[in-house]
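From first to last, the protein sequence lines are chains A and B.
Residue 35 in the working numbering sits at position 35 of the first sequence, and the numbers go up by one each step.
If you count the second sequence from 1, you need to add 327 to reach the working numbering.
Hints are computed from structural coordinates only; laboratory data are not their basis.
Hints may be right or wrong, so weigh each one.
What the hints assert, rightly or not - Facing chain A, a subset of chain B residues (Cβ under 7 Å, in silico):
#1 Val564
#2 Val578
#3 Ile584
#4 Ile585
#5 Val589
#6 Thr590
#7 Leu591
#8 Gln592
#9 Gly593
To be verified - Pulled from the structure, derived: some chain B residues nowhere near chain A, Cβ distances all over 10 Å:
#10 Asp347
#11 Glu353
#12 Asp374
#13 Phe381
#14 Leu433
#15 Leu441
#16 Lys466
#17 Arg506
#18 Leu525
#19 Ala604
#20 Leu607
#21 Lys615
#22 Lys620
Please read these numbers as outputs of a predicted model, since none were measured by experiment.
All C-beta atoms, glycine included, are put in the ideal place defined by N, C-alpha and C.
2 protein chains.
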Amino acid sequence: MTTTREIHLVRRPDGMPRPDDFAVVEAPLREPGEGEMTVDNLVMSVDPYMRPRFSGDQALNEALIGGGLGRVSISNRPEFPVGAIVRHGAGMRERFVTDGRGVSLLNPDPGLPLTVYLHALGGTGITAYGGLLEIGRLKEGEQVFVSTAAGAVGSVVAQIAKIKGCRVVGSTGSDDKVRWLLEEAGLDAAINYKTQPLRAALAEAMPSGIDVYFENVGGAHLDAALTLMKVGGRIPVCGMISTYNGGGDPVRGLSNIIYRRVTLQGFVASDFPHLNAQFLSDMTSWLKAGKIKYQETVLEGFERAPEGLIGLFEGRNSGKMLIRVAD
Amino acid sequence: MTTTREIHLVRRPDGMPRPDDFAVVEAPLREPGEGEMTVDNLVMSVDPYMRPRFSGDQALNEALIGGGLGRVSISNRPEFPVGAIVRHGAGMRERFVTDGRGVSLLNPDPGLPLTVYLHALGGTGITAYGGLLEIGRLKEGEQVFVSTAAGAVGSVVAQIAKIKGCRVVGSTGSDDKVRWLLEEAGLDAAINYKTQPLRAALAEAMPSGIDVYFENVGGAHLDAALTLMKVGGRIPVCGMISTYNGGGDPVRGLSNIIYRRVTLQGFVASDFPHLNAQFLSDMTSWLKAGKIKYQETVLEGFERAPEGLIGLFEGRNSGKMLIRVAD
Numbered sequence: 001m002t003t004t005r006e007i008h009l010v011r012r013p014d015g016m017p018r019p020d021d022f023a024v025v026e027a028p029l030r031e032p033g034e035g036e037m038t039v040d041n042l043v044m045s046v047d048p049y050m051r052p053r054f055s056g057d058q059a060l061n062e063a064l065i066g067g068g069l070g071r072v073s074i075s076n077r078p079e080f081p082v083g084a085i086v087r088h089g090a091g092m093r094e095r096f097v098t099d100g101r102g103v104s105l106l107n108p109d110p111g112l113p114l115t116v117y118l119h120a121l122g123g124t125g126i127t128a129y130g131g132l133l134e135i136g137r138l139k140e141g142e143q144v145f146v147s148t149a150a151g152a153v154g155s156v157v158a159q160i161a162k163i164k165g166c167r168v169v170g171s172t173g174s175d176d177k178v179r180w181l182l183e184e185a186g187l188d189a190a191i192n193y194k195t196q197p198l199r200a201a202l203a204e205a206m207p208s209g210i211d212v213y214f215e216n217v218g219g220a221h222l223d224a225a226l227t228l229m230k231v232g233g234r235i236p237v238c239g240m241i242s243t244y245n246g247g248g249d250p251v252r253g254l255s256n257i258i259y260r261r262v263t264l265q266g267f268v269a270s271d272f273p274h275l276n277a278q279f280l281s282d283m284t285s286w287l288k289a290g291k292i293k294y295q296e297t298v299l300e301g302f303e304r305a306p307e308g309l310i311g312l313f314e315g316r317n318s319g320k321m322l323i324r325v326a327d
Numbered sequence: 328m329t330t331t332r333e334i335h336l337v338r339r340p341d342g343m344p345r346p347d348d349f350a351v352v353e354a355p356l357r358e359p360g361e362g363e364m365t366v367d368n369l370v371m372s373v374d375p376y377m378r379p380r381f382s383g384d385q386a387l388n389e390a391l392i393g394g395g396l397g398r399v400s401i402s403n404r405p406e407f408p409v410g411a412i413v414r415h416g417a418g419m420r421e422r423f424v425t426d427g428r429g430v431s432l433l434n435p436d437p438g439l440p441l442t443v444y445l446h447a448l449g450g451t452g453i454t455a456y457g458g459l460l461e462i463g464r465l466k467e468g469e470q471v472f473v474s475t476a477a478g479a480v481g482s483v484v485a486q487i488a489k490i491k492g493c494r495v496v497g498s499t500g501s502d503d504k505v506r507w508l509l510e511e512a513g514l515d516a517a518i519n520y521k522t523q524p525l526r527a528a529l530a531e532a533m534p535s536g537i538d539v540y541f542e543n544v545g546g547a548h549l550d551a552a553l554t555l556m557k558v559g560g561r562i563p564v565c566g567m568i569s570t571y572n573g574g575g576d577p578v579r580g581l582s583n584i585i586y587r588r589v590t591l592q593g594f595v596a597s598d599f600p601h602l603n604a605q606f607l608s609d610m611t612s613w614l615k616a617g618k619i620k621y622q623e624t625v626l627e628g629f630e631r632a633p634e635g636l637i638g639l640f641e642g643r644n645s646g647k648m649l650i651r652v653a654d
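So here's chain A without its partners, still in its complex pose:
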């Protein structure tokens, strides 16, 4: 009989998750029935959205929710041949049997590491691409400000804007990230909002104003950007992390949008299915040409998923946090 392993939540974390909140559990795995298949997990994505689930709808003593990439090892579904690479949301399981719901075929480019399909060529990539180009209606040569510019979405936004011939300023929370933005990602200026006065630093970095502010933060970041928006400026709103859970600074300067005819517009990753083909084509060629840089922290071994989760919440990752399960 085949077996699998699962990462279980065995106790709801009190604040920061600890190793004994999780368990690696071995379980039998049945053979796939008619219309089913077995998928071996290859890489698992570790994401910030998981933390609130641990205190909410994540069941105890079941596999953690989550997404990843896998390979079909047994198949009773003709459209998923053995050996096919798939994208799935089947959770933290070493292998699993599925009828194909929530699983999609991936045709990965052999010239790229598979892991990029979990960030630059995945959900964070199309969020950046659709948010900047469609919602932000970016035009060549514009002045662009990106908050959390070293993050998974922000770093792609900033580099797409550079590819499109824009002048790009980013904000981030450490001097190491400022260096990465300037030296690797090629931004024109970067602000450490934890050590610099944001409003003054932004005004100095963007003396001719802002055409597009890619919003991930809200609060004081938004107020600082609002004072600098140009007439006809756009603010695609991807997130307002500073204001979640009722915290953060409120916004006082919204009336700036009237005479400047500024547009704020909210969106989510799933708003851009019509852009997907063009996104995959553009992003694949940009990655292969080295025009989009990224950072990954990859832990080797299924059983290290709890370590990856804890590391993510403690900020020990650089860029996307991933668990490699098999090659």
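Got chain A sorted already, so can you dock chain B onto it with the hints?
Same frame as chain A, now just chain B:
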């Protein structure tokens, strides 16, 4: 020699303007030279924007700035024949000589009072029309919330939305205005935000949510609306009067726009020249059919302009405040 009269500011008001801050001054008026004409003022518009000017760029001992409608009485400009009705921004002068700059020909509908060209068929009308239909992208049958719904802009917005088959809820600041909105303007519900808890009253009045919130107020009004916006909702931002001068409540609930894909967009009256012909045609027929109701407070006599200004700032007007200079 012809004479004219002008309303002068003779002292900058300390708080609320008083009668002796103004003077009615008689002055000689020269004959129009080559390429010039004389215009007799017929109706003058009295507007809230004038107050800050009295403490700012309004010169002392000169005619007050302002707009109105006049009739050409002497003309050396063929495109402005004697008897033509014109729209002008020539200030509070009984008659004046002009080379035509800032003056435009008006072709008023004989079935309508001339005064409507200073509100429903003027700047406030096209602000409402363009803001609701173009910026708000209003669709038939939608749920619409209008703040300051009894005001010059808001009352037109609310009634256009009713004409377009929408369900319309308005907020206003007195029970008299609530009655006017329900009984005259035909709104589906109206909230007195000074006596009712706005957020709860709005949630009760709009149980299925808001498609379009026409924003004139900001602060607590915006926060209340944000909690009720439907997916794909639009917030055309015409004004945020509660937040001017740094006062009013800050906004805390902006992150509601993300998952609901809400758009906020600022605009001003002059953004819609491409809509002007359609606006004049639609609004003329709506007014003649009695589908757009309005309120006016008309003081008779040029010399009563100071009384009109003071009355406006003391809130003694119902609807648009006007001074009739001549018939």
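Do the hints match the structure? See the list:
1. Here the hint on Val564 of chain B is kept, as its CB sits about 6 Å from the closest CB of chain A, short of 7 Å.
2. With 7 Å as the threshold, the beta carbon of Val578 of chain B comes within range of chain A, its nearest partner Cβ sitting at about 5 Å, so the hint holds.
3. Look at Ile584 of chain B: its Cβ gets to within about 4 Å of chain A, closer than 7 Å, so that hint holds up.
4. The criterion of a C-beta within 7 Å of any C-beta in chain A is met by Ile585 of chain B, whose closest approach is roughly 4 Å, and the hint holds.
5. Taking 7 Å as the C-beta cut-off, the interface hint given for Val589 of chain B holds, the closest approach to chain A being about 5 Å.
6. Evaluation of the Thr590 of chain B hint against chain A yields a held restraint, the C-beta minimum of about 4 Å falling below 7 Å.
7. Evaluation of the Leu591 of chain B hint against chain A yields a held restraint, the C-beta minimum of about 4 Å falling below 7 Å.
8. Residue-level restraint check for Gln592 of chain B holds (minimum Cβ-Cβ distance to chain A is 4 Å; threshold 7 Å).
9. With a cut of 7 Å, the hint placing Gly593 of chain B at the interface with chain A holds, because the nearest CB-to-CB distance is about 4 Å.
10. Under the 10 Å C-beta cut-off, the non-interface status given to Asp347 of chain B relative to chain A holds; the minimum distance is some 34 Å.
11. The beta carbon of Glu353 of chain B is kept farther than 10 Å from every beta carbon of chain A, the shortest such distance being approximately 38 Å.
12. No beta-carbon of chain A is positioned within 10 Å of the beta-carbon of Asp374 of chain B; the least distance is around 17 Å.
13. For Phe381 of chain B, the non-interface assignment is confirmed: its Cβ lies about 21 Å from the closest Cβ of chain A, beyond the 10 Å cut-off.
14. Every CB of chain A is more than 10 Å from the CB of Leu433 of chain B (nearest about 27 Å), matching its label as outside the interface.
15. With a closest Cβ-Cβ approach of about 30 Å to chain A, Leu441 of chain B is found to remain outside the 10 Å limit, as its non-interface label requires.
16. No beta-carbon of chain A is positioned within 10 Å of the beta-carbon of Lys466 of chain B; the least distance is around 18 Å.
17. Under the 10 Å C-beta cut-off, the non-interface status given to Arg506 of chain B relative to chain A holds; the minimum distance is some 30 Å.
18. The non-interface label for Leu525 of chain B is consistent with chain A: the shortest C-beta to C-beta separation is roughly 17 Å, beyond 10 Å.
19. Every Cβ of chain A is farther than 10 Å from the Cβ of Ala604 of chain B; the closest lies at roughly 22 Å, confirming the non-interface assignment.
20. Non-interface call for Leu607 of chain B relative to chain A: holds, since the shortest CB-CB distance, roughly 23 Å, exceeds 10 Å.
21. The Cβ of Lys615 of chain B sits about 32 Å from the closest Cβ of chain A, beyond the 10 Å cut-off, so the non-interface label holds.
22. Every CB of chain A lies more than 10 Å from the CB of Lys620 of chain B, the least distance being 27 Å, so the non-interface label holds.
This entry satisfies every hint, going by the numbered hints stated previously.
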